[in-house]
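> Let chain L serve as the given structure and place chain H on it in line with the hints.
Protein chains: 2
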Amino acid sequence: MSLSAVLTRIDDQLPDAIDRLMGLLRIPSISTDPAYAEPCQDAADWLVNDLQHIGIDAEKRTTPGHPMVVGHIDGPGPHLLFYGHYDVQPVDPLELWHTDPFDPKLEDTSKGQVIRGRGSSDDKGQLMTFVEACRAYKEANGALPCRITFFFEGEEESGSPSLIPFMKENAEELSADIALICDTSMVAPGVPSIASQLRGMLKDEFTIHGPRIDLHSGHYGGPGLNPLREMSRIIASFHDDQGRVAVDGFYEGVHEVPDELLRQWESCGFNEADYLNSVGYTQPHGEQGYSTLVQQWARPTLEINGIWGGYQGAGSKTVIPAEAHCKLTCRLVGDMDPDDLRSKIRAHVDAQLATDARVTWDSDLEGAPAAVMNVGRPEFEKARQALSDEWNREAVFCGMGGSIPIAGYFKEILGLDAMLIGFANEDDAIHSPNEKYNVESFHKGIRSWARVLDALAG
Amino acid sequence: MSLSAVLTRIDDQLPDAIDRLMGLLRIPSISTDPAYAEPCQDAADWLVNDLQHIGIDAEKRTTPGHPMVVGHIDGPGPHLLFYGHYDVQPVDPLELWHTDPFDPKLEDTSKGQVIRGRGSSDDKGQLMTFVEACRAYKEANGALPCRITFFFEGEEESGSPSLIPFMKENAEELSADIALICDTSMVAPGVPSIASQLRGMLKDEFTIHGPRIDLHSGHYGGPGLNPLREMSRIIASFHDDQGRVAVDGFYEGVHEVPDELLRQWESCGFNEADYLNSVGYTQPHGEQGYSTLVQQWARPTLEINGIWGGYQGAGSKTVIPAEAHCKLTCRLVGDMDPDDLRSKIRAHVDAQLATDARVTWDSDLEGAPAAVMNVGRPEFEKARQALSDEWNREAVFCGMGGSIPIAGYFKEILGLDAMLIGFANEDDAIHSPNEKYNVESFHKGIRSWARVLDALAG
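Chain order of the listed sequences is L and H. Counting along the first sequence from 1, when you hit position 308 you're at 308 in the UniProt record's numbering, and nothing is skipped either side. Counting along the second sequence from 1, when you hit position 304 you're at 304 in the UniProt record's numbering, and nothing is skipped either side.
Note that these hints are calculated values from the structure, not bench results. Glycine residues also receive a C-beta, built at the ideal position from the N, C-alpha and C atoms. Hints may be right or wrong, so weigh each one.
[Unchecked claim] Label-pair distances were calculated between CB atoms; the ranges are:
1. H:Q113 with L:R346: 48 to 58 Å
2. H:D362 with L:L353: 52 to 62 Å
3. L:E412 with H:A314: 24 to 34 Å
Okay, chain L solo, but in the shape it has when bound (with noise of 0.2 Å):
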């Protein structure tokens, strides 16, 4: 098989592929708006129509909630399994939008051409680099160098309630030798990027209690325990003043970045500076003694997302509440074990709270540990040397700072190791108005997985 006809082909294609992905962004498949049920079904349909187009055996399938798509095709290489996902964040605020969010354009920025529109970049684009790529081989060369399976879902926005049951009732058809999945960014423009590690995350909540009823701060101000201040005592308790967590065990099962990983992290492009100042920093708050990447890549965190108690309106009260509330997420690293961290930091609260405070827990909140991806496998290395040679620049293995939990559920329930390569770039605006893709991304994209495929086959 030639590879070379297929990125000519891709060149000589790209105004139909950018055509045919303003078809799906076209479609508002919102998955958190119930009103938007219907789109989300017409975006299924319009994957399993394109992915039949190229001569996939492709189906829509029923869930409780949005559908799945799935795809199969044959070919002579290992079996892929690609996942992406077809459901887009709400648009609001609208009024921040400069275009109809569902009415995609080209547009030429600064940074050259961009595709504007809800999901252009988050994850129907991305996605479609990997259509595109299959599309283009297959048209090329009459065959796909590798057997695949599609598996896109429409509720990765939606907190993916269907996700695990399909996973679990389909484990045998959606079995394969390796996951490929397009939905993170590059870790600087230009910079092709494999990520190789994803932090973990757990996620708790509480409530202090004081007083049997809310009190008035003239009566009782003074002799009366207080529970914000009590919380506030012991949120400030998390952290020590070198921005450590100070919960006993933490960091238990947390291992320092190896010196190799860390030279290519240092050297993999990413500009601190820019990714402090542009949100008004001046330096980073992490734990002192680490850089602000492996803070953000392989540090964990102890996080407070939410607090609320007592008087919220206009004016002032006198009030001393009965309760205070504290929402917090961890980001875990390395071996950390979210319901053993769950253990500490509650041990930890209850240790802190004074005479008369009591504590009480929401115990509906999950946990998923961190995933470092199997990069000793010999396709981590055929994949970077592919995108290495399209994008004129030594790709990387980097770190990431959130929690993509598809990844650890392939390997929990399929068995699958994960390889997530994406073209995303951290300006696309994902979950925000005005969000784009880049035409390099989608371009570059499309050509970037024809070169993997035709690698992985090798």
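Just chain H now, kept in the frame of chain L:
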């Protein structure tokens, strides 16, 4: 003039006095709700009419809000200004009332007979103790022993917006030798109490700003400064581990309670265990080294009344918010200066702020210094003796943890010392469902005022 004839008349006429109070209680004069503007007029009319029946030259006086009632009657003794308020708190949650809040009832309880209904204690029942004493005095003796100005407002429960302008415009008409206020509680059941000191108040509100926009805790968790953590740390820094406020210079102007007053307070009948246990505390939580009563009456506080920031809905959101908010109030004692204190607190927060954090303050919240009554005036000892005679129990000069700004206004605008005598009990449920006033409070309250009038005239 004969006091014993007055007291006999009060005893004989008690059922009529209760009937009259019931009439006033039936008028739903909720000042904060515009829907009840007419009942507020009705309550003022009711009082004007009742005062006129006694022979007092009374009239309703318009304001931009609810009307004032002002009345005058001459007498040989000193000139007294009596203040009370005819407006009441809203009644919600209505479903927690066992009776119609505006259909007052006499009820037998394990602690004696009570008058149940909104305003029965705060302040209609209390102000009528004075009116009924005047009525009985006049009817028994043909005249009152002192010259009296009656001054009732209808906006006390809604911030008294018309009070200061009205006092300034009518300062001459409202002049007197001393002001009497009946809007306070007894320090313990059956212990007649004159409030000799009230704490002052300082209100403030701040916002901690961190990143320019809300951030994703995956992308920025670690390097990102979190305003929720920042605010918690600052709130925690307000107090040391002995319960003392750790703001530089906070205790300037605070005086220790003189030993003699302390001894009086210790024997005043205050039940510390009841006070703490009734709201779920097993111990006082204020400054170590001070008794519960001193913490409540004579020590300043810095209290947090409300906090909020980040995500507060169901489930979880992985956000590092751009802002965190805090409402605080201080209770002031001695010579603490609200403006000076505000500067000190703001300086404390400034000094605590981390790099890249910023604070803004609400500038619209007022303050008022503590009030110490001029208990050296002979009227105080006369009143104390009269109350002791009535209740067969040494009357006490007690402190109060709350703030009653009217006492300060009398001093500031009219140059009047105020004497606060009230017969409410802590369990009267003022501002709450099922408000009540003990018949004993009403009956002995009326008798108390008759004795006080007699003593002040002598």
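> State for each hint whether it applies.
We went through each hint and held it up to the structure:
1. H:Q113 with L:R346: 48 to 58 Å: 51 Å, holds
2. H:D362 with L:L353: 52 to 62 Å: For H:D362 and L:L353 the Cβ distance comes to about 31 Å; the hint is violated.
3. L:E412 with H:A314: 24 to 34 Å: 26 Å Cβ-Cβ, so the 24 to 34 Å window holds.
Violated hint for the displayed structure: number 2, the only one.
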